[in-house]
Each structure stands twice: as C-alpha cells, then as structure tokens.
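Q: Letter by letter, the chains look like this.
Protein chains: 2
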Amino acid sequence: MPAALPTSPPAIPTAPLTAEMRQALRAIVGEKGFIEDAHGKQPFVTDWRGLLVGSAGAVVRPGSTEEIAKVVRLCHEHGIAIVPQGGNTGLMGGATPWPAHTGIVLSLGRMNRVLDVDPVGYSMTVEAGCVLQTLQETASEHDRFLPLSLGAQGSCMIGGNLSTNAGGVQVLRYGNARNLVLGLEVVLPNGEIWDGLRALKKDNTGYDLKHLFMGAEGTLGIITKAVLKLWPAPKDVCTAWLAVRDPRAALEILSEAHAASEDNVGSCELLSRAAIDLALRHIPGTQDPLKADTPWYLLLEWSSARPRRDGTEGMSGKMEQFLADQLEAGRVLDATIAQTFGQSRNMWRIREAMAEASRAEGPGISFDVSVAISKIPEFIDKGLKAVRDILPTIRPYPLGHIGDGNLHFSFMGPKGMDQQTLNQYAAAITRAVNDLVTSMGGSISAEHGIGIDKLDELSHYRSKTELDIMRTIKRALDPHNIMNPGKVLRL
Amino acid sequence: MPAALPTSPPAIPTAPLTAEMRQALRAIVGEKGFIEDAHGKQPFVTDWRGLLVGSAGAVVRPGSTEEIAKVVRLCHEHGIAIVPQGGNTGLMGGATPWPAHTGIVLSLGRMNRVLDVDPVGYSMTVEAGCVLQTLQETASEHDRFLPLSLGAQGSCMIGGNLSTNAGGVQVLRYGNARNLVLGLEVVLPNGEIWDGLRALKKDNTGYDLKHLFMGAEGTLGIITKAVLKLWPAPKDVCTAWLAVRDPRAALEILSEAHAASEDNVGSCELLSRAAIDLALRHIPGTQDPLKADTPWYLLLEWSSARPRRDGTEGMSGKMEQFLADQLEAGRVLDATIAQTFGQSRNMWRIREAMAEASRAEGPGISFDVSVAISKIPEFIDKGLKAVRDILPTIRPYPLGHIGDGNLHFSFMGPKGMDQQTLNQYAAAITRAVNDLVTSMGGSISAEHGIGIDKLDELSHYRSKTELDIMRTIKRALDPHNIMNPGKVLRL
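Chains F and R supply the protein sequences, listed in that same order. Numbering follows this note's numbering, with no gaps: position 450 of the first sequence is 779. Numbering follows this note's numbering, with no gaps: position 265 of the second sequence is 594.
By construction, these hints were calculated from the structure, which means they are not laboratory data. The structure presented is a predicted model; accordingly, all values stated were derived computationally and were not measured. One or more hints might be untrue.
Simulated DEER-style distance windows between Cβ atoms [said to hold, decoys possible]:
1. Lys-714(F) with Ala-344(R): 53 to 61 Å
2. Ala-653(F) with Glu-581(R): 38 to 46 Å
3. Leu-713(F) with Arg-442(R): 33 to 41 Å
4. Pro-636(F) with Thr-669(R): 30 to 38 Å
5. Thr-641(R) with Leu-656(F): 36 to 44 Å
6. Glu-406(R) with Thr-375(F): 48 to 56 Å
Think of the CB as a built atom: it goes at the ideal place given N, C-alpha and C, for glycine as much as any other residue.
If we strip away everything but chain F, and leave its shape as in the complex, we get (with noise of 0.2 Å):
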C-alpha cells in the first residue's frame, strides 16, 4: 500500500478535448494510435497494482517522434494536458492520470525499435518504448551487457525507466539509470525536439539537459530516443549467501569486498531473516540457502567479464579467499557458494519474488529509502524502534541494496489485522519513518521516484529553497503546467 497518498488533488489545466481536438489528433496518429472507448482507455488510466484510477479524454499512441511532436504542439496551443506513459510499470502513480485529467495519456509503446547497436562503441540507440527486457536480450546477443534490472522489466519500458531514473539490483557497480545514458532524444512541453542523442562520453558545451530530464517524470518533457551506454558481458559470476553477524559486519564485508573481488562486486543485497521466510513460505520452489540461526543475510555476488582460464583462480576462487577472511573475521557466521545455475537462480528469486510474497502474506506497509551507507545499521535500528513504538505488534522484514543505501523497509501488519486497520497506523508509521530519514539526511524516495504517491511528503520534507528551485524550472519550461500535471511538485 502507499504509505501515505496527497489528501487533496493539485490544480491540473482541465481543458476539455473537444471534437475539434480528437479530430486533429487522429488525423496526426491514424485510426490504430487513438483509443477513446472507455474500455480501452481503462488499462491506461488504472495503475497497475489498482490502488489509482484516473481518468483520460483519449489514449494517444504515436508511432514517431515526429508524430509526438505534433500531438505535443497541439495540446501547448491548447492547453491540453499529457500524461506520458510507458509500460505502466511505476510505484507511485507517475504514470496514472489524475480522476480530473481531461487531457491525453501519450502512450509510448508504439515507439519501440532499437536503432542501432555498436558492440566497439559499446552503446545502443533506442526509442523509448522498448521493453527493458528485449533490450538486455538485444545487447546479449552482441556479446554486450546492459545493466538495468528490475523486477518489471518484462513490461516497464526503457522511457520509463530514465524517467524516473530507476534503480534496481546493479546500481552498486553501474549506477541508477542515468548513469547508463549517453543522450536522450526529448519532446519539449511547447512540441520542439530537443535533439540530444548524442553518443559521446565527453561533452561539456553548455548545461547537462539529459539529466534533467531523467528523474522528471515526465514533467519536463517527453524522453522519445535514447543512447545507451553498454558493458562487457559478464562470463565469470559467482554468487554466495552469507549469515552475517548483524548490519555493521554486512557494511564492513561490503567494503573490503571492493578490493578482494579486484573491484568486481556486482550486487550485495541486505535480507533480514523474516523476509527471507515470507518468501520460502510463498514462493514455490524456492529453498533455504543456509539453514542459520541469525537474523541476518547478505546475498553477494561478483561477477568479471573475463572468462576464467585453467590454472586461474576466477571469482569463486577470490570468494573462498575471502570468505574465509571474512569467518575468520567473526563478520561471517556461515556462508555458502552457489555451485549451479540452479543454486544462483534460487538466491535471486528468494530476493527478487519479495514483493509477490509479501502480496501473499496480507497487508502490510513499506518504504523505500536511502541514507548514507555508513548510517544503515543506526537507521535500522532507530527505524524499528520507532515503529514498534507505533504498533508493538507489526512484523518488520526488512532488506535492500545495502551498497547503494537504499533500504526497503518493510513491515507486515501484525497477524490477523485486515488493511483498513493497518491503514489507521500508516500515517504516524509514515512521518516516524521519514521524519527519522530526513533527520539522518537521508531520501524518503531512493528510487520509485515521486509521482502521485509522495507529492506531499516531498513538499513536507525538501526545503522551500529547493522546491522554488523546481518550480522555478517547471514553469520556465512548461509555462501552461501541461506536461503531467500534479505528479512530482504542486505548482
């Protein structure tokens, strides 16, 4: 459940779509690209985990950037508003129109080719609608790696994902989403192109556009191109799940796995016990790594894009190394090494099913929050302390990607409680775990971005400077309020 929806909608432009408009833009995307039965509007107005419905004059799905463009310039001289969307994927309702849009939804999904691939280069030119998973396949198959990986990314697609800067299991090594871009093709609020699909690894002329525009969600504009960065293949990885002594041992493993693994640590995830049993209990199929008394994980892997030679050690060799360092150094009570694919695929899903789990088990509440790594085991000892205050009953599991600071700190409501009275305790659990974030200097929202869901704990939380600063830049850019109104900031 979102922690803590706005309690009144912000001011969106509500011109409505006149039959002058709908006329214009279906001579613009063609019979195909314009959806206004209410039916099949309905999957774009709804997000997908069913907690949002909005509400939509049309569904616009143009098949060009150029076509964006004219939709674009129509709705600006309108003062129609668009909601562009990807593959509908998001957290936070960025995506979902607001119960008063009388605007588009601008679907993306139509915009799905891959342009160009240079394996010497090592980038990738594509257009935002692709689905992320068809572009890690894409560069797989020229022996290539694109890091992302989320949960979703069999249909959230690629626009999306710079959007709102995703995260996901290897930001440890190759950072968030912006980080793997190189330029971006935009659709400005006033239907100019901003044609920034550059392919260059240096370029300092003038201000950074590209990493505006990323982390927006679309309220700036409209990401319809992208050059993506690439990285060699991974051919030796070698996963192992270890029972640590507690946070502050997981830390100090974390930071001496840097330089034992030659700077090759791939992901290094965070499971407290009871999140690992939330998935045994619901996932079929999966089994426990270790069988340790001890609340606490740490699913580590390191991968090299060297294949291991004979006679070389690889990176299961420098993880025995190290791991009996690390028992030897009381920081690892027992730990185990995937031998087969099978072994490293149950690892994953134990980590990777946690949401699908926790649906399984009942309500329950979640954040998803970063400090500074050092602060971990303060925060998550502080975090629980103030929750349990709230309700001495509810069930933390806590995990996340403890290299990037980013916890998902999750709790179940307590046994037998139903939704509507876990709700009654979201509020204070929601301003005790924040209020402690933003005490440690630390982000209520590390990685599913703002949209719907936090508007109002942004403008709560961030100063009044930093806000002016963003609204300064909004209205600069988006002078009619447009471009997905009412997610992100209030105006």
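Assemble chain R onto chain F, guided by the hints.
A: For chain R alone, kept in the frame of chain F given last:
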C-alpha cells in the same frame, strides 16, 4: 592559443561597485578577504595562459558559505555581477572576468577545509576551495582513492573542477567529475543557500539539481561544498606501452581489454609518434619506452584494488597474456610493460607533459573534441585531411583519451611560421575541424568547457532549441544575469 575567441563581447551588467558597496562587502568578509588594489587583483583577473586579461571592481574572498550567501545577496540586490573563481586554471577563460566587468571576482580559495571523510561509506565532504591534489592525498591517507586526475591538480580547486565537469585521465573508468559527486551545496544567484549536501547513492525526489550546477561554469550559482565518492585505493597497477597498427586497432584493443582485465582498465591514451617525439625533445629526462617505427601508440594502464597475492597472476600476468593475444591478432606491433615505478612514471610523463612540450616547440593550435568512440579513426583521417587542405605544412600531433572518444586534436605550426601568421589560418582551420566534429555528431568541447573562448562556437553549432532551453533556465534562475555573465551563453 584559443581556436577562435568571440568577435565581440556579450552584454553584461555594469553597475559600478560604489564606495558604499565596498564598505558593505568589507564588513562581510573582513579586511583579509577584500582586495581592491590593482596589484592584488591582478592574478585574479588574468587568465593563467596569459591570453585574457579582464577587470574587476574588487576581489572578494569569503571564508564560509554564510559569508558567500551574504555577498551574493548584496550583489543580487544591487545588480552587481559576480565571477566565481577557484584555482583559476581553466583553459577556456570561464573564471576570467570580461574587460567590461565592474563587479567582483569571488574567490573560493579560503573555503579549503575537508569536513568529513567516511572510508566505510566511501565518501568525503569538502569545501569548494580545496586543492584537488590535497583531496587526492587525504583520500589516500584513508586507503581510499579519489579518481579525478588532471594536469592542473596541484593548483586547481574542486569547486572549479565540478563547475566545469572536469575530465582527465581516469574518466574511462570512473567518469567525469560529475560522476564523482553525491551531493552539493550551492549559493544561488539570489543569495539563498541550496543544501543538497546529501551523501546518498540513490535519491529520486524531484529534479536532479546537482547535475544542473555541475558543468554550468558558475553561471547558475556558486558551488560551495560537495560530497565526493571515493573508491578503493589501487594496489596492483600495471602500465604498458604499445605500438599499435592504427587507431582502429587501438579501439579493438580497448574493446577487448575490458574483459581481459576483468573490467580493470584504468587509462587508455592514444599518442601519435609526433606527440611522443615532441615530449622527448623538450622534456628533460623522458625516454622513448619503445623504439618502433610506427605512427600510433597506446598507453594502457590496468589497476586493481586487490594486492597481488603469491600464486595469482595479478594485473601484470593478465596484461602479458593479453598483449600476447593482441600481438598474434596483428593489432599490437610491439609492446613493453613497465617493470619499475620509474618506467611507469616515464610513460606518464610523456603523456602529461604535452602542453609543456608544445609550448616549448612554438606556435600551435589545438582542439578538444569528442566523437562516438567507434568513429575516432574516421575522424582522425578526415580531420587531418581537412586541416592539411588549408595549411599543408602544418604539423599534427594528435593524442587523446581514446576510451572516452576524446581527442586533443593538436597541431604545431609549420616550421618557422610565427604565431601571427598561423593565426591567419586559425579561423578557417577551426571552422573545418568543428564542422567535421558536428557533422559526425560530436562535441566541440569534450572536457574543457565553453567559458569565454568558445562562446560563439557554441551558439554557432548548437540548435536554437537547445540554446533556448539553456537560456530559459539561465533567465529563470538568474534573472539579473549577475552570475558569471557573458560565459557559456549570450543571453
């Protein structure tokens, strides 16, 4: 020499620094922070290359963010222009006031404290006036590595490095300066302080403002503090010098080096024979690492944070294997691996002494350009031809960060030709090179920025749409145009 200075100065605010203002500024920063005599101001208004000489009503040297905020607020209220300045080592005149400047130079030099080092969290919080080399040493004392590395590191300051998004010889592995930053504190053009000093790897809460201020060359605000990322200190470094078949072979070598080194390629610098000869001729103590009769060379360095253990191959073992494979493939003609620190130092000295060597040789002209990595061979071929068509006896000595697609496309004037005569060809050569770069989708300033030198070049080559977005942002954040006016953009 600069390739093409602006033909006319841009409009900048010229409100004079009244006696009252001087008094007020002195009251904020104290006697030692206020310089108004011509002799004292001279180093702050002069470009270190000696090419540009500007003017200023006074030089103000605040000792804290609060003092800076007060100074800026005062200037904001009175329409006084501000030129922020770090180490004053930029190559494009970005920190040099225009001759018509009547406002202040705001020097960050007294803001030189390291506020925090967090080895476990791999981060460091610093003031903008810290000298880069001091920060490298501080990181090293904590067994950590700050990868930003460039020729001016003994005097440049981190605030300037971030404002210009500096490059250097470690970009291939660690990215530009902007990639090394977790958070910033910035004094805005209205004197407000934006506290974005967060030590977070992940933070998706609204627009990413830090990337807007980095690379803006002080035109949108003054970076006053930063949280920098740190990396594990390199412990096993292998430096090699390769005679290569041609630039295309160099690219293929780099492409395969990623996997062969287990993603441990630190640097990959392409050098022409002419560039090497220039260094050998003018830099005392340098020796040719390899006597090979071929026009192209690579300086290739692999480094790992893991100390080499007995019985493992380490970086040099991997490099030996790799070079043998590349010799067999015909890409490498001959190669040598540095066996001592002195040998490695000699290789780096040749690369780093290029500016010094070319100055000693005589008049020349150089371009800091980038193209997509895979287009480098084509660019070199076409670029050399285009320049020789204009001045057949010009002496090219190209070199560059090939892994970044970044060439320093450099030329000595024909033997015996003086600077003035060479200058007569400069405009045509600049147009030819920049036209070619642009036609190939490249950048006319890969790492050095725009400053004063490339003001007109930027407006010539960037689309109206792109310049309009930049101007819209500049006007919105700095409506009185007091922040480093007349740099980057003409308004």
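Q: None of the hints should be skipped; say for each whether it holds.
A: Now the hints, each set against the structure:
Remark: the range hint 53 to 61 Å for Lys-714(F) to Ala-344(R) is upheld by a beta-carbon distance near 56 Å. Checking the proposed 38 to 46 Å range against Ala-653(F) and Glu-581(R) shows it holds: the Cβ atoms sit about 39 Å from each other. Checked against the hint of 33 to 41 Å, the pair Leu-713(F) and Arg-442(R) passes, with Cβ atoms roughly 36 Å apart. Between Pro-636(F) and Thr-669(R) the C-beta distance comes to about 31 Å, which sits within the given range of 30 to 38 Å.
Under the hint 36 to 44 Å, the C-beta atoms of Thr-641(R) and Leu-656(F), about 20 Å apart, miss the expected range. Distance hint check for Glu-406(R) and Thr-375(F): the Cβ-Cβ separation is about 51 Å, which falls inside the suggested range of 48 to 56 Å.
Hint 5 from the list above is the single one not met by this structure.
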